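Which chain is which? The protein sequence lines are Z and G, in order. With the UniProt record's numbering applied, the first sequence covers 1 to 502. With the UniProt record's numbering applied, the second sequence covers 1 to 502.
These aren't lab readings, by the way, just hints derived from the structure by calculation. The structure presented is a predicted model; accordingly, all values stated were derived computationally and were not measured.
Since copy identity is lost for identical chains, a pair holds within one copy or between any two.
No more than 30 Å apart at the CA atoms, straight line, and that leaves these computed lysine-lysine pairs for DSS-like: (1) K453 - K480; (2) K283 - K272; (3) K242 - K442; (4) K172 - K405; (5) K305 - K275; (6) K325 - K480; (7) K230 - K305; (8) K497 - K230; (9) K456 - K333; (10) K242 - K230; (11) K283 - K309.
One-letter residues, chain by chain:
There are 2 protein chains.
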Amino acid sequence: MPAILNSSLFNFHHHPLFSTAVLSLRRHHLNVSLFSASRTTLRAYSTSSSSVPIESSANQNVRTGRSGSATSPPVEHDTAQKIDVNPPKGTRDFPPEDMRLRNWLFHHFREVSQQFGFEEVDFPVLESEALYIRKAGEEIRDQLYCFEDRGNRRVALRPELTPSLARLVIQKGKSVSLPLKWFAIGQCWRYERMTRGRRREHYQWNMDIIGVPDVMGEAELISSIITFFKRIGLTASDVGFKVSSRKVLQEVLKCYSVPENMFGRVCIIIDKIGKIPMDDIRKDLLSADMSEVAIEDLLQVLSLKSLAKLEEKLGASGEALSDLKQLFSLAEKYGYSEWLHFDASIVRGLAYYTGIVFEGFDREGKLRAICGGGRYDRLLSTFGGDDLPACGFGFGDAVIVELLKERGLLPELNLQVENIVCSLDQELQGAACAVATILREKGQSVDLVLENKPLKWVFKRAARINARRLILVGKAEWQKGMVNVKTLSTGEQLEIKLDELE
Amino acid sequence: MPAILNSSLFNFHHHPLFSTAVLSLRRHHLNVSLFSASRTTLRAYSTSSSSVPIESSANQNVRTGRSGSATSPPVEHDTAQKIDVNPPKGTRDFPPEDMRLRNWLFHHFREVSQQFGFEEVDFPVLESEALYIRKAGEEIRDQLYCFEDRGNRRVALRPELTPSLARLVIQKGKSVSLPLKWFAIGQCWRYERMTRGRRREHYQWNMDIIGVPDVMGEAELISSIITFFKRIGLTASDVGFKVSSRKVLQEVLKCYSVPENMFGRVCIIIDKIGKIPMDDIRKDLLSADMSEVAIEDLLQVLSLKSLAKLEEKLGASGEALSDLKQLFSLAEKYGYSEWLHFDASIVRGLAYYTGIVFEGFDREGKLRAICGGGRYDRLLSTFGGDDLPACGFGFGDAVIVELLKERGLLPELNLQVENIVCSLDQELQGAACAVATILREKGQSVDLVLENKPLKWVFKRAARINARRLILVGKAEWQKGMVNVKTLSTGEQLEIKLDELE
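Bound-form chain Z, shown alone (with noise of 0.2 Å):
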């Protein structure tokens, strides 16, 4: 009987309106690692440096070591170095097991989004170098890849999209209506040095809500995580959210007169807290015309975890407490309140935050943030636009794939094609071709034998596609009209007519 023959480590679906996989979620470990090219195989093609340079000149390479024939038509063989395999350093190929994954991952992505009623944008991954220019030390800076290109233009690859969406929205100007409620899934670069793993290139999902001031704004991305976790098989005891207000820390400045052009930086360096030790922390802090008493009370300040201590340090009557009150209200209101902690030390790493400041985490405390947001009031007008009051995540596709991988919860995905179509001798070639075109008509995925293979080959091929029935076109069914169809799950044979097959 042609039941599966190799087993297979995922399964995937194809839904005939769905171009990725639907998911079959188990609670066990994979001992894979999805989304992580091999770079064993076939090392030995490689050169040890990625680069080769280029010959100018004019002159044909005339080689002749190479022979042509009438069966391969010779190309000039141009390169001669082997090249290096690998896709370039800390960058990702996606093989079909990888793409299945990055697949499913985009499918809820934006699956959650419209269920929210956000619409889909995307921007060049290449920008304008400009749009990044920041000064207030954030790492996103830093880590900047850039280049001056043909026409001695600064180009860089985007490091994340917040900055494009903030420059389409001034360009759209007043001809959309506001809020705005945007989604979008990117690819985003980062030159580092390659350590712990970290990649320069990762897909984030954003999603943005422009032009609505109140807190309702943050509640709602927010719920939108929590709907994907839950989706995707994560709950409250998994992952977390802790959640402060820019406006705390602006309040406990205020107090200390510290100028107001001092803002963003002072959060970037308090970001940094538990990366670099706490002397340079001081140390920077100081140099941003921070006093020594000014710090200490901010990173007293910073210690806080509930909002009762905030209210005793800072007073019932400031926005940082009424905007984190309302939005722990309306966690409740949408269910997620046991999701969510306030937590003062959170600032974010990005200069543009302007109020609430939130980011998800694993709560076995092993992995970086998942993903982190917050509200940008200001963002606009540092690009010559209005104001416009906004809010917005990016969520990484690195670190969810780890918790995933760590929790049991990668989904099995497979390759699954229903039909696997193929002649019995090399004359009904076109006959096959003619029962794939029929079926496909129908709606069926199909997969045509392309080649003249034994059975055996046959039979293996389709236990690795998933197929659900082979279907072979044989000299005397054929000239009846008909062909063999096997129910491969239960060994089922029929003869089925051309006109009858679906």
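Given chain Z, work out where chain G should sit, using these hints.
What follows is chain G alone, placed relative to chain Z:
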């Protein structure tokens, strides 16, 4: 009656399992230029140059012109100049309306590929420049968007996908079972003078078959493109394929003892016929070691438009003829003969093709080639790998959209969110969040009104997003655990219990 208030140009449907748009095709003209972001709006924000010099000074750029307030904490205003609100020259933003069209197109690319049993793959958009260094004088090579990165590596934004695919195939080596049937949809870049409205980036759909030496491969690829054309409403009277084989040229060159290593270069020169003056073509061919007699004979062969004439010229024994005959015979079996035409002048502009070549063209002759492809059995060895028989095609996103516009076949795509949920009272905003969550958990899409807005505004928004239902959360109903549900197409209005809401 709350019917749709403002008529919408496009009509967008959500499918619960599908992220992009389901089309409704209509044969009429839309006088809008999709896929071309408006460059007029807010042009006032643009500077004449798109690049802003980097300020390298470490000093703080303390500016006092902007006052921060507790309401809007200040961010550092580092960008002195107003930025260009347009994407970099030759690139595109994808605002929602353009993104819907892109998703629609990609959806059909994916669906067709999967119907043919192909698996999706992807590669880095930034590749090592070495991958594209070929000496044949290809247009694609001259337009390489290349840089030196911060690690002094020569890198390039990929101009095409095939070299990356070849790299990955070599890397995977014997770990994959042949044939591979892979497809990809990726952005490709070329740096060219911005003439004739050509852009510097485009998305390209590729399908490739690795491991099949027989013309069945090419026939299957052409069948998949035709399946795509049919899906989007194009017929054999709109488009066709010009088909030839590079073996035709090879046989002619062999007669005249033209060195084999000139083959790729001669193909590239011939591909320029019609684009540059014939005198230049002749001059280039002379410099490629061809005699004047050979050139005239070659040009005569290239003018042939029937296989019978080709057989007269080359005899019946060659591979060129037998491959082409087989392809036309298979086309009959597939049922797409009327789409296919032999045209000896087709060679395609890439150096690596070795056998059958084909291109899709519009029958009105107004547009550049819609797509192109062929057999490339010798590409892997140019990268230091073992050759494998291979064929594939590239299909860009630009010309096809032009063609659909010409033919009035652009789909009507519009945002559609199933429900709009709104509280009638500031105090009930949390209740509205709860209602939105209930509906979303039941798989419905919900646009939640995040501010207090007058009902008139809400109806307008409902129309803009093509909502099916308006759900109002009012005090009286809420106290009874109910909400007001209005079906917008009929105006029908019902009070429904929360737990009966679906």
